[in-house]
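Chains as they are written, first to last, in this note's numbering: chain A, 1 to 518; chain B, 1001 to 1166.
To be clear, the hints were calculated from the coordinates, so they are not data collected in a lab. Incorrect hints may appear among the rest.
[Stated by the list, open to error] Derived lysine-lysine pairs resembling DSBU-like cross-links, with alpha carbons at most 30 Å apart:
| no. | chain 1 | residue 1 | chain 2 | residue 2 |
| --- | --- | --- | --- | --- |
| 1 | B | Lys1024 | A | Lys233 |
| 2 | A | Lys233 | A | Lys292 |
| 3 | A | Lys285 | B | Lys1022 |
| 4 | B | Lys1022 | A | Lys349 |
| 5 | B | Lys1024 | A | Lys445 |
| 6 | B | Lys1024 | A | Lys285 |
| 7 | B | Lys1102 | A | Lys27 |
| 8 | A | Lys292 | B | Lys1024 |
[Claimed, not checked] Here are some, though not all, of the chain A residues that point toward chain B, as calculated from beta-carbon distances under 8 Å:
| no. | residue |
| --- | --- |
| 9 | Thr12 |
| 10 | Arg14 |
| 11 | Ala15 |
| 12 | Leu16 |
| 13 | Gly186 |
| 14 | Phe191 |
| 15 | Tyr228 |
| 16 | Ala267 |
| 17 | Ala269 |
| 18 | Gly284 |
| 19 | Arg286 |
| 20 | Gly287 |
| 21 | Phe374 |
| 22 | Val419 |
| 23 | Met420 |
[Unchecked claim] Far from chain A by the CB rule (all over 12 Å, computed), these chain B residues:
| no. | residue |
| --- | --- |
| 24 | Ser1012 |
| 25 | Gln1015 |
| 26 | Glu1020 |
| 27 | His1033 |
| 28 | Asp1040 |
| 29 | Met1049 |
| 30 | Glu1060 |
| 31 | Phe1067 |
| 32 | Ala1091 |
| 33 | His1100 |
| 34 | Ser1104 |
| 35 | Leu1105 |
| 36 | Val1107 |
| 37 | Asp1108 |
| 38 | Asn1117 |
| 39 | Val1135 |
Just so it is clear, CB atoms sit at the ideal spot from N, CA and C, and this is done for glycine as well.
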Amino acid sequence: MSIRIYVPSDTTARALGADRIAAALPKLAAEQGVELEIRRNGTRGLYWLEPLLEVETESGRYGFGPVKLRDLDSLLAAKFWLGEGVEHPLALGLVEEIPYLKKQQRLTFARLGITDPLSLDDYQAHNGFKGLRNALALSGQAIVDAVKESGLRGRGGAAFPTGIKWQTVADAPAAQKYIVCNADEGDSGTFADRLVMECDPFMLIEGMTIAGLAVGATQGYIYCRSEYPLAVKNLNAAIETAVANQLLGEDILGSGRSFQLEVRMGAGAYICGEETSLLESLEGKRGLVRAKPPLPALVGLFGQPTVVNNVLSLAAVPFILDQGAQAYADCGMGRSRGTLPFQLAGNVKQGGLVELAFGPSLRELMFDFGGGTFNRRPLRAVQVGGPLGAYLPESQWDTPLDYEEFAKVGAVLGHGGVVMFDDSVDMSEQARFSMEFCVAESCGKCTPCRIGSTRGVEVIDRIRAGQNVDNNLALLADLCDTMLVGSLCAMGGMTPIPVQSAVKHFAEDFRTNAVEEA
Amino acid sequence: MVTPESAGWEPSVAQAIIDEYKSKPGALLPILHALQDRFDWIPDGVIPMIAQALQVTRAEVHGVVSFYHHFRTHEPGRHVVEVCRAEACQARGARALEAHAKASLGVDYHQTTADNNITLEPVYCLGNCACGPSVRVGDEIHANVDAAEFDALVDALRTERVEVLG
Ligand SMILES: Cc1cc2nc3c(=O)[nH]c(=O)nc-3n(C[C@H](O)[C@H](O)[C@H](O)COP(=O)(O)O)c2cc1C
Ligand code: SF4
Ligand code: FES
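Bound-form chain A, shown alone (with noise of 0.2 Å):
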């Protein structure tokens, strides 16, 4: 009997080398005489353990990471595959006892890791398809109702209740809706979505299936953006598998009912993750932002009623098809009901993604999960939500991981990225590269977003050369307040967010090289 060994396939795990120790560790058992089968699964997202391999056994998995092609002789020589109680530097005992993993509420990523990511019967196995079987035997009214008490809120960044947009969409009268799947995942950062496509790609079809049934869509889109080579892949395979098993196209489960799902790239355009700057593109036009109204759910792709949603948002509802909204309500605080997968990134010591029902502390995400920074300094600032969002101070560290909490300090939770910086960060180069950002990002449409950043960015030069940094504080204040009132959409309007964050709570590195005025 051969044994199964899981080497993890998502970009990361790849970045540091997992394709090339499931070439190299078949072979190298080989020549003990050792016979192992390798599977690819997804990752577990812990990705300071990356590259991650678990053995399968009886009593679970046990994991060895993080791997390196020259510890393979090592693991080896230790019969790594015996899994349990043994003896090597890099053994993590059952991966699902790993307290970063255990101390989590996985509901959209139940499967993360678990599963080969293209295995149709891995995921019918683990509860795949079982949201859609129930969907197909409601009305949609009622799948919109479930949606509605559920109290999922929109993943993508402004939080709004997902149940009344499908509502709004469901009641409005059209030969042709659409579900458009926002993967421009753009936020810095970020790469929940990203998981979801790359290594659970079935959800994501089953959630959006659901959403067509819902509310009488029979097109679908997936945006994704051109950065995710991987995550258009196993999309695309997985759609191909869903069709052919009859779980996606004409006549689903024989149900008489059909969806149509095509994946399309975006091209390297952080405004078309705006959603209707995303449809524009997704028309074939130059990613323009549209006023609102109306509604892209009223008037959406190509003029029809669309429901636009990120990729979290549709991958949370196959859960709640399934175990029901009640089970997705329990868990949050306040009007943050169930979880957001939270994603460590930047200086951190064990970066990852953290799905969490919504309530700890940034503090106990960045400290208790996270372990602080990787280079051991101390930790000075975080920013959360993209680079829309805040940068946050100690002093606030405190704050509960909510919608209203976070806006209550000038912040926001965004998509779910958390940034962490050490003490030899420059918050004055932070905040030039917010103003930069958005001048190579602007959609050009208005001119306090597109000139007004342009402006940002010299001012904060003159600010940084110690140049009248009283009179141009005051200028770079005035002009935050002009992007925030005056801009059609949230990248000029939020811009100001990271610079002015910076500049209340870090003051002191806005006059390194200021001259006393006299």
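Guided by the hints, dock chain B with the ligands onto chain A, whose structure is given.
Below, chain B with the ligands without anything else, positioned relative to chain A:
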């Protein structure tokens, strides 16, 4: 990667690609992606062909090509190396890496080395944010890239070129 044989672009191949995608709703981006996958860039000459196939003006096609960072209007070197400039990578040393990349290659972003081997491009996040600095070459992503790792990567690409040329 562009081998010497495919370095040019053949109008008949471009036309076949355009014809394959032109009846999709919102066909322009899929067409541009397919063309760039094939030729490594969007040659000027394809613009009127696309405009005609989609019944739009050349200016509209051109506007779309220039709007998106991903589409290249100049032929790149044999390899495109993308360095992540975004915040999570900055927090792990991406600023130093980007300075090293430019200095060691002797180019700025969007430029190609004198031996036509490497085109350097910025990218804003590759989704590898827990293990940066991140670099993309082709469809491969590299994690924890410091200056030494970058040099090793570039050396490997240069050697590969010698192999290709036989
Ligand atoms: C500049 C900008 C970039 C955005 N980028 C993304 C993105 O990459 N992914 C995403 O899901 N939403 C993004 N959004 C939010 C979308 O506009 C929209 O709110 C979201 O797709 C709605 O889905 P949800 O309700 O499921 O969150 C962005 C918004 C702005 C203003
Ligand atoms: S705020 Fe910026 S990105 Fe948004 S519509 Fe205006 S110019 Fe475009
Ligand atoms: S910020 Fe560099 S990979 Fe995400």
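Each hint tested on the structure:
1. With a CA separation close to 20 Å, the supplied pair Lys1024 of chain B and Lys233 of chain A stays within the 30 Å bound.
2. At most 30 Å may separate the alpha-carbon atoms for a hinted pair to count; Lys233 of chain A and Lys292 of chain A exceed this at roughly 34 Å.
3. The hinted pair formed by Lys285 of chain A and Lys1022 of chain B meets the criterion: a straight-line CA distance of about 14 Å does not exceed 30 Å.
4. For the given pair, Lys1022 of chain B sits about 48 Å from Lys349 of chain A by alpha-carbon distance, which is inconsistent with the 30 Å threshold.
5. At most 30 Å may separate the alpha-carbon atoms for a hinted pair to count; Lys1024 of chain B and Lys445 of chain A meet this at roughly 28 Å.
6. Between Lys1024 of chain B and Lys285 of chain A the CA atoms are separated by roughly 14 Å; this keeps the pair inside 30 Å, and the hint holds.
7. Note on Lys1102 of chain B and Lys27 of chain A: the hinted pairing is violated, with a Cα-Cα distance of about 40 Å set against a maximum of 30 Å.
8. For the given pair, Lys292 of chain A sits about 27 Å from Lys1024 of chain B by alpha-carbon distance, which is consistent with the 30 Å threshold.
9. Because the smallest distance between the Cβ of Thr12 of chain A and any Cβ of chain B comes to about 5 Å, under 8 Å, the interface hint for this residue holds.
10. Hint on Arg14 of chain A holds. Least Cβ distance to chain B is approximately 7 Å, under the 8 Å limit.
11. Using the Cβ-Cβ criterion of 8 Å, the hint placing Ala15 of chain A at the interface with chain B is satisfied: the shortest such distance is roughly 4 Å.
12. The interface hint given for Leu16 of chain A is met, as the beta carbon of that residue sits about 5 Å from the closest beta carbon of chain B, less than 8 Å.
13. The beta carbon of Gly186 of chain A is positioned within 8 Å of a beta carbon in chain B (closest approach about 7 Å), and the interface hint is therefore held.
14. Taking 8 Å as the C-beta contact cut-off toward chain B, the hint placing Phe191 of chain A at the interface holds, the least distance being around 4 Å.
15. Checking Tyr228 of chain A against chain B by beta carbon gives a least distance of about 6 Å; that is within 8 Å, so the hint holds.
16. For the restraint placing Ala267 of chain A at the interface with chain B, the shortest Cβ-Cβ distance is roughly 4 Å, inside the 8 Å limit, so the hint holds.
17. Interface hint status for Ala269 of chain A: upheld, as the beta-carbon distance to the closest one in chain B is roughly 5 Å, under 8 Å.
18. At a threshold of 8 Å, the smallest CB-CB gap from Gly284 of chain A to chain B is about 3 Å, leaving the interface hint in force.
19. Interface hint at Arg286 of chain A: satisfied, since its Cβ lies 4 Å from the closest Cβ of chain B, which is below the 8 Å cut-off.
20. Using the Cβ-Cβ criterion of 8 Å, the hint placing Gly287 of chain A at the interface with chain B is satisfied: the shortest such distance is roughly 6 Å.
21. The restraint placing Phe374 of chain A at the interface with chain B holds, with a minimum CB-CB distance near 7 Å, inside the 8 Å limit.
22. This hint holds: Val419 of chain A has a C-beta 5 Å from the nearest C-beta of chain B, less than the 8 Å allowed.
23. This hint holds: Met420 of chain A has a C-beta 6 Å from the nearest C-beta of chain B, less than the 8 Å allowed.
24. Ser1012 of chain B, annotated as away from the interface, keeps every beta carbon of chain A farther than 12 Å; the closest lies near 23 Å.
25. Under the 12 Å C-beta cut-off, the non-interface status given to Gln1015 of chain B relative to chain A holds; the minimum distance is some 18 Å.
26. The Cβ of Glu1020 of chain B lies farther than 12 Å from every Cβ of chain A, with a closest approach of about 15 Å, so its non-interface assignment holds.
27. With a least beta-carbon separation of about 6 Å from chain A, His1033 of chain B fails to lie farther than 12 Å from that chain, contradicting its non-interface assignment.
28. The Cβ of Asp1040 of chain B lies farther than 12 Å from every Cβ of chain A, with a closest approach of about 14 Å, so its non-interface assignment holds.
29. For Met1049 of chain B, the condition that its CB be more than 12 Å from all CB atoms of chain A holds, with the nearest at approximately 15 Å.
30. The claim that Glu1060 of chain B lies off the interface is violated: its Cβ sits roughly 8 Å from the closest Cβ of chain A, which falls inside the 12 Å cut-off.
31. Interface exclusion of Phe1067 of chain B from chain A breaks down, the closest Cβ pair being 4 Å apart, not more than 12 Å.
32. With a least CB separation of 3 Å from chain A, Ala1091 of chain B falls inside the 12 Å interface cut-off, contrary to its annotation.
33. Chain A leaves His1100 of chain B outside its interface by the beta-carbon criterion, the shortest separation being 17 Å against a cut-off of 12 Å.
34. Listed as outside the interface, Ser1104 of chain B is consistent with that label: its C-beta sits roughly 21 Å from the nearest C-beta of chain A, beyond the 12 Å cut-off.
35. Even its closest Cβ contact with chain A, about 21 Å, leaves Leu1105 of chain B beyond 12 Å, as expected for a residue assigned away from the interface.
36. Separation of Val1107 of chain B from chain A is adequate, the least Cβ-Cβ distance of about 19 Å exceeding the 12 Å criterion.
37. For Asp1108 of chain B, the non-interface assignment is confirmed: its Cβ lies about 15 Å from the closest Cβ of chain A, beyond the 12 Å cut-off.
38. Remark: the non-interface label on Asn1117 of chain B is consistent with the geometry, its nearest Cβ contact in chain A lying 22 Å away (cut-off 12 Å).
39. The Cβ of Val1135 of chain B does not lie farther than 12 Å from every Cβ of chain A; its closest approach is about 9 Å, which violates its non-interface assignment.
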